[in-house]
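K.L.:
Residue strings, one per chain:
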Amino acid sequence: MDILGVLSDPVTIGFLQATTRLAIPIMLAALGGMFAERAGVLNIGLEGTMLSGAFFGFAVAFASGSLWFGVVGGMLAGAVIGLVLAFYTVRLTSNQVVVGIAINLLMVGVTSYAFRAMFGSGTNAPRVTPFPPIELPLLHQIPVLGPLLFQQGALVYVALVLIPISWIVVTRMSVGTAITAVGEHPEAAETLGISVNRVRTLCLVVSGLLTGLGGAFLSLSATGLFLDNMTAGRGYIALAILLLGRRNPWGILAAAMLFGGADAFQLRGQNLGIGVPYQFLVMLPYVLTIVVLIGFAGKVRDPAALGLPFQRNRAEQ
Amino acid sequence: MTDKTLMMSNRGRLRLLATLALGAVSMPLLGGLAFGAEGLKVAMILPGPISDNDWNAGGYAGLQAAATNLGIDVAYSENVADADAERVLRDYASRGYGLIFAHSFSYGDATLAVAEDFPDVKFMAGTAQHMADNVGTYDNPDYQGAYLTGMLSAGASKSGVIGWVGGNPAPNMLANYHAWADGAKEVNPEAKVMISWLGSWFDPPKAKEAAIAQVEQGADVLSAQSVGVIDAAVDKKVLVIGAVSDQNHLGPDAVLTSVLWDLGPLVTDAAKSVIEDRWESKAWSYGIKEGSIKLADFHGLEGQVKPEVLAAVQAKFEAIKSGAFEVPHDTSMVE
Numbered sequence: 001m002d003i004l005g006v007l008s009d010p011v012t013i014g015f016l017q018a019t020t021r022l023a024i025p026i027m028l029a030a031l032g033g034m035f036a037e038r039a040g041v042l043n044i045g046l047e048g049t050m051l052s053g054a055f056f057g058f059a060v061a062f063a064s065g066s067l068w069f070g071v072v073g074g075m076l077a078g079a080v081i082g083l084v085l086a087f088y089t090v091r092l093t094s095n096q097v098v099v100g101i102a103i104n105l106l107m108v109g110v111t112s113y114a115f116r117a118m119f120g121s122g123t124n125a126p127r128v129t130p131f132p133p134i135e136l137p138l139l140h141q142i143p144v145l146g147p148l149l150f151q152q153g154a155l156v157y158v159a160l161v162l163i164p165i166s167w168i169v170v171t172r173m174s175v176g177t178a179i180t181a182v183g184e185h186p187e188a189a190e191t192l193g194i195s196v197n198r199v200r201t202l203c204l205v206v207s208g209l210l211t212g213l214g215g216a217f218l219s220l221s222a223t224g225l226f227l228d229n230m231t232a233g234r235g236y237i238a239l240a241i242l243l244l245g246r247r248n249p250w251g252i253l254a255a256a257m258l259f260g261g262a263d264a265f266q267l268r269g270q271n272l273g274i275g276v277p278y279q280f281l282v283m284l285p286y287v288l289t290i291v292v293l294i295g296f297a298g299k300v301r302d303p304a305a306l307g308l309p310f311q312r313n314r315a316e317q
Numbered sequence: 001m002t003d004k005t006l007m008m009s010n011r012g013r014l015r016l017l018a019t020l021a022l023g024a025v026s027m028p029l030l031g032g033l034a035f036g037a038e039g040l041k042v043a044m045i046l047p048g049p050i051s052d053n054d055w056n057a058g059g060y061a062g063l064q065a066a067a068t069n070l071g072i073d074v075a076y077s078e079n080v081a082d083a084d085a086e087r088v089l090r091d092y093a094s095r096g097y098g099l100i101f102a103h104s105f106s107y108g109d110a111t112l113a114v115a116e117d118f119p120d121v122k123f124m125a126g127t128a129q130h131m132a133d134n135v136g137t138y139d140n141p142d143y144q145g146a147y148l149t150g151m152l153s154a155g156a157s158k159s160g161v162i163g164w165v166g167g168n169p170a171p172n173m174l175a176n177y178h179a180w181a182d183g184a185k186e187v188n189p190e191a192k193v194m195i196s197w198l199g200s201w202f203d204p205p206k207a208k209e210a211a212i213a214q215v216e217q218g219a220d221v222l223s224a225q226s227v228g229v230i231d232a233a234v235d236k237k238v239l240v241i242g243a244v245s246d247q248n249h250l251g252p253d254a255v256l257t258s259v260l261w262d263l264g265p266l267v268t269d270a271a272k273s274v275i276e277d278r279w280e281s282k283a284w285s286y287g288i289k290e291g292s293i294k295l296a297d298f299h300g301l302e303g304q305v306k307p308e309v310l311a312a313v314q315a316k317f318e319a320i321k322s323g324a325f326e327v328p329h330d331t332s333m334v335e
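Line by line, the protein sequences give chains A and B. Here the first sequence stands for residues 1 to 317, where the numbers follow our numbering. Here the second sequence stands for residues 1 to 335, where the numbers follow our numbering.
Only chain A is shown next, with the shape it has when bound in the complex (with noise of 0.2 Å):
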């Protein structure tokens, strides 16, 4: 069989399509996540500000009827959230760890509740009508590349067209070479005049838009509806895989991607009748996650400020 013939197998497209599918949320959430570990801010809260996103996302799709607005919405739940993180670690100083678990619990509840608030507790779930797949002329009959990212729904192409965004804003730009000081040495930000206090304010409000943007794409491109607790742990998982990704775009596009890819693939497993059970194949790409960050641990260095809060007037000191 050639090769060509197996790339453009419906199944290999199939699951390249989904393996692109499977990763996009995660990345989001892990791009969100980079941002406010690059300024020093432990952002645990990934998983509450994700569920709040894939919440506000729906419910404002469905009540203006548009998906674009919903996206927003979902965004913006996001950014409010960062602002309240900022407001705890930056303002008031508090462990990261802490305000990051509490936001997860709080927005479990939340969410539930909004949702019976705003759609009663009948058994009867709304739904809206998902982002369709779109599929870019001449580039989405390129093998591989073209299943894999160019027949996909329109959330995709804007989370793709975020990695080079973030990665010219980190390295490339002045605001990024001071996010990069704030988390390594924030006294000496300080004292070349950067407020750390709105650098790291900024970070999590960026982190907040980008990961509501990944929880918004679960209720409106991957599903149509929203359920209590829909995000099932996708939060936690972006932690590790932003670690992975070593804390850079590309790397963290990369991580996803492996991660999608398992994903896909233990989906797919399950159906051939190999003989492995089902347990090993749901665990694949955690397990795959953990022993691929074994091998590159000693090799990721955290930014020296991470987790420490910043207190301008003790650092005078």
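In short, the hints are calculated from the structure, not lab data. One should not assume that every hint holds.
What the simulated footprint calls covered on chain A by chain B, stretch by stretch (three residues with Cβ under 8 Å from a Cβ of chain B suffice, anywhere in the stretch; the number is not a length) [what the hints assert, rightly or not]:
1. 19-32
2. 64-78
3. 99-105
4. 229-242
5. 249-259
No experiment lies behind these values; they were computed from the predicted model shown. Glycine included, each C-beta is placed from N, C-alpha and C at the ideal position.
Please build the complex by placing chain B on the supplied structure of chain A, with the hints as guidance.
P.N.:
Same frame as chain A, but now just chain B:
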């Protein structure tokens, strides 16, 4: 600490005694109220959201039906994690609820533990394995309906491949799968039945992906045991069997029929038997015979199935109802 207690004034001691006495008097009073015939309160704790259009929605609808039928007070707690089940059950039992439904097989141990401490409260443990004097079990015998939809699925499939997607291999899920596969094999002994587990009860994006994977690997009729599967069937333009309630509105051209589950009669009868003091610990099962399991309307899609298969399904339904045919109840693990 000890000094302080000794130094307590006489009046203070008296007040304390009076409070204790009042408490002692009121305790049995409250208890009497709780278990009085007309004052029965029924509670249900559920493992997931009542909006899942599935297992939890079915439980919730049954509870509400009993409340309407008998005019009794009901309460529910949804999204109760296994680790919290014992605490929530204990809370309801101590607040005077006389009949409590633990609506998940995974609450079995917690139910037994709480039931031991509240011998006067009746418990119903959904699809649980063990019973006690005041713990009965009940199930969702939707496997009886699944046998029929398995026949329909094989009758509607052109590729001869059909696919089943579920959350985790709980006993009722396995029973549903095996009956569905058995029904399909009765119509088409060559039928290939795919099965996918998500490893999670509620993950709509993943359920949809699992179903899409099955369709891309050849399946053209699906069984939706998890939220998201019907969305995949609509996208991929294949047929799908709904669960618990009539889900045709989610995909008018995709949802062939749904296995309807009405827990109302069971909850109502259980509550009535507690009120009339004749409740007994047993495995309660209300299936096709009791009218709790039915197939939904085809909504015009019956043309997708060969007429002889439709007639066979109708005959099988009557046979199950009359007791002439018993759907095999197989809860063994797959492979």
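K.L.:
For each hint, tell me whether it holds in the structure or not.
P.N.:
Hint check:
Against chain B, the region 19-32 of chain A contributes 3 residues with a C-beta closer than 8 Å to a partner C-beta. That satisfies the three-residue criterion, and the hint holds. Only residues whose C-beta sits within less than 8 Å of a C-beta in chain B count toward coverage, and the region 64-78 of chain A has 0 of them, not enough to reach three; the restraint is violated. Interface restraint, the region 99-105 of chain A with chain B: violated (0 residues with C-beta to C-beta distance below 8 Å; minimum three). For the region 229-242 of chain A, the assignment as covered by chain B holds, since 3 residues bring a beta-carbon within under 8 Å of that chain's beta-carbons and 3 suffice.
With a threshold of 8 Å between beta carbons, the proposed coverage of the region 249-259 of chain A by chain B is violated, since 0 of its residues qualify and at least three are required.
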